[in-house]
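Single-letter residue listing:
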Amino acid sequence: MNWVLWGSVFWIAPLICAMLANETKFKKNIVLGVTLPYSARDDEDVAAVLREFRRRIWIACGVLLVLVVPCVFLKDTALWTAWGVWIDLCIVLPYVPYVIARRRLMELKAENGWVRESRTAVVDTSAVSIGRWLSPWLFLPPVLLCLVPILFDRAMLAADLMFAFLCLLFWFGYRYLYRNKAEMVDENAELTQALSRLRKYNWGKTWLVLSYAMALYCLSMLLMSVNAWLGLAVIAVVTVGICVFALRIEMRTRRMQEKLTRATGTGWYVDEDEHWIGGIFYHNPDDARTVVNSRIGVNSTVNIAHVPGKIFLVFLVLLLLALPFMGMILGALGSQEIALSVSDGAFTASAGATHYTVPLEEIEEAELLPQLPSGLRRISGTGMNTLIKGHFSADGMGSVEVIADPTVPPFLLIRTDSGRNYLLGARDPAVTRQVFEEVSVSR
Amino acid sequence: MLLTFDFTSDIPLYMQLRNQIVIGIAEGKLQQGEKLPTIRALAEESGINMMTVSRAYQLLKQEGYIITDRRKGAVVAFRGKSAVPPDTEETLRLCLSELRLSGMSKEDAIALCERLYEEGTKR
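Those protein sequence lines, which keep their order, are chains A and B. Just remember that the numbering used here sits 1 ahead of the position in the first sequence, which is counted from 1. Just remember that the numbering used here sits 3 ahead of the position in the second sequence, which is counted from 1.
Hints listed in this document are in silico derivations from the structure and should not be mistaken for laboratory results. Worth double-checking, as some hints may not be accurate.
[As the list claims (entries may be wrong)] Heads up, incomplete: computed chain B residues facing chain A, CB under 8 Å, no partners named:
| hint | residue |
| --- | --- |
| 1 | L6 |
| 2 | P40 |
| 3 | G50 |
[Stated by the list, open to error] Footprint (simulated), chain A over chain B, 3 or more residues, beta carbon under 8 Å:
| hint | region |
| --- | --- |
| 4 | 8–18 |
| 5 | 42–48 |
[Said to hold, decoys possible] To give a feel for the contact side, a few chain B residues facing chain A, derived at Cβ under 7 Å:
| hint | residue |
| --- | --- |
| 6 | L5 |
| 7 | N52 |
| 8 | M54 |
Quick reminder that beta carbons are idealized off the backbone N, C-alpha and C, glycines included.
So here's chain B without its partners, still in its complex pose (with noise of 0.2 Å):
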């Protein structure tokens, strides 16, 4: 999987990873079980630091994205149906009140919102 940091983006990096291995995760790109790399060589292999990466792990690993054991580093932990977390409903509240306001139909949003989550299950 590629990992790609915007550094002239508002988006914190440590967000941007986090935000990226989810979608892994939701698309498939990273299987369940499948090892991550170590903090420190994801930090060597990007350039970003060290605590940014051990950030975004820590929170992947408090939202149940990850697991981390000390012999195996992080991998990816099976997720199955859990509750939605609040914040993510208050990011789709917001991603749809942007849709709306950029003139969207609500037809065209729920179809766009269809194409993703099928994106996300397909693989």
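For reference, chain A alone in the conformation it holds in the complex (with noise of 0.2 Å):
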């Protein structure tokens, strides 16, 4: 479990630190989110900053790297705040040399005067709107492939239908998370073309790819029902898969920019430096647009001038403050209290939110597991060590409604009348089988 657990992310750490360690080369005129002339890509002072940041770079990626070995002995709660914290910690630790190398490179550039003014937005009219959009009717394949295990098996309709609802958000990720902007370098009409065409190329690829690896994700849950470890080797396979694809567009981007870019800067160039809070977070009033293009690779990020860019941020920041209380919240999550009662006419059970009530009346079948049904799959709610409760399927019974602990054999089957199925498991197996005996006798 824990190698699992740490085997899953412990790559974040050098991919983090590589994706900064590849700024150091210019793009756009920009190096370590500062723009600079041409002549300062021979400057002594910019090259010594540069390989200092590299040098740091790896470093803080060797010391996250080594704080894994100590974490992936340890267990239970102490075990996922210390995933947490690390995860953290590879966010923010490799900024560090970040922003300190980019503060000595303004300096630089202030030094130097290689500041440009601005405060101005500049517009090529031959480089508007450069780029074909993808057709819609490309997001529907997958959409349609999404909807097929549906007519394999009903109960996992609800997935399906989630596993369809994402292909579709993924063409509305595509078309509106994108801002339209060209990518203009300087006064050449040619280039700004070029790397505006290169951009809108690869930011299509990457959604429609995302939509068709999603379509896989759900054949693949069909395929678990059939046979569990084929389905969960070809979800690690998409996963791998989309991970290694995602990083190639961006890498295969940034690499096009740098060439394209190689000879520019001598004369007058566009320097947006003074929007970038820190090289990172896009802070410009003046611009009315709140998704806007990162400014180099292919990504997207927000403008935190506006309202709704600033809850973005802050959400972003309370996510990650979260992830180190992560263990705690599953710790009481998997501990919830689960309450098995026969009252009223009416059996009831219930975890936290989940709760079900079934009158007796329409019970038509009442029998005790020693074990949980063979081929037992979540398809919405929780799956966790200590408790299961949502929505289920599981081999000759088709949809079931579960809340139990799946540690503490017997579990109570219950079948309505109206074909509804309900596996109840309470923590204390004396629980169970004393509602079990009160379902029996009220019948």
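Quick one: dock chain against chain with the hints and give me the complex.
Here's what the structure looks like:
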């Protein structure tokens, strides 16, 4: 369990550090979030700052990886807390040398008179709306693929619909999370057009592949009902594939940006440094748009000068702050009280916000199972080591509503005359048995 | 053609846009029949409000510098000889007054006007 948990995240540290180290290469005249003229590329002081940054960033990476080793041996809440803290460190620590190096570059920029007048927006009319949008029809096949499993297994309806909705959401993300702005570096209109096409093409490719990956996830869930290991293997392959693909797209775009702008920065060039706080956060009250393109690569970010951008940033910070508490939150969720009772002619089961009530006269059959039914799969709800609840499906049973501690047999299986199934199990086996007897007697 | 919007200027953004397009047409940077970006695209590109771009385009349309077509969008209109708008004459009067007050001689002012006029017609 520990190895899987850390194995699934340890690569984040070298990935973030590699991405930041890549920013030491000039792209669109920008290096470490600072716009510099062509002459700065041969400047000894600039080169020294970049060298020192690369050294520090890989030290930070080493520290983060070494920290993983003792954490592998932690257990329960301590494990999850360390996991959350480590991910937070991964995101924050590499940016410390980044901010220091950027500040030094800004000083060099001022000392050498490389600062440009700003508070202006420049538009090249020949490069507006360059590049075509992908047809929305291209996103339809993955949506339909997500609906295929419904033909074979009706119990998966909710999950399949969710995946289909996600594919539609990806089209929305593709179309509306992109700022259709020309990638202007200088007065060279052809260069602006080439950079704009490059970004838009790769942006579309990313979202389209993601939507097809969602369809594969959905189909692998169907596969899991036939062969659990095969289904899991497909999910693992798709996940690794998505990560490799996304990284490849980002790095290829950066490489092309670097190549295309290798000779720029000699005459007039675009400099938007004053709108980028610390080179990371975009703050421009003169820009009416909330979603904006990142300066390099293919990503988008938000303009924190506007309320939606601020809300997004606060949400992100809260999410990061909440990560270390995940262990405690999961612990509390996993030990939620499970209440089973028979009263007022009805059977009730509840755990947290999940609550089932079944009138006794509707119960057709009640059975005490020594173990969980085979092929029990979660469709929606909670699936923890010590608590399963929500909508599940099982072999030969179809859809089943569950509230149980899977580690404490026996389990009470109730079938109603309308064909609904309930699988229940209290934390105390005596309670489950007592409720079974009360249900059997009352019927 | 490059359009520059100065957010610190006292001139409203819609007027900055209108002025630059007029200068662009006069200097030949924008040709007759040339398509201008749509209001939405130009707003998206520059980060200024769609209403601001729309206002500039309406003004340019009223003055006859552009025509708008539902399918083609906005295109630069042919502008033959026509009467000088009263506002232009007033603006010129003001500019010449400012030049005189700054100490510029009549000859130098006329030479400046000639140079700017030639820049707009030689392209």
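Results for each hint:
no.: 1; hint: L6; verdict: holds (4 Å)
no.: 2; hint: P40; verdict: holds (4 Å)
no.: 3; hint: G50; verdict: holds (3 Å)
no.: 4; hint: 8–18; verdict: holds (count 4)
no.: 5; hint: 42–48; verdict: holds (count 5)
no.: 6; hint: L5; verdict: holds (6 Å)
no.: 7; hint: N52; verdict: holds (5 Å)
no.: 8; hint: M54; verdict: violated (10 Å)
Going through the hint list in order, the structure does not satisfy hint 8, though it satisfies all others.
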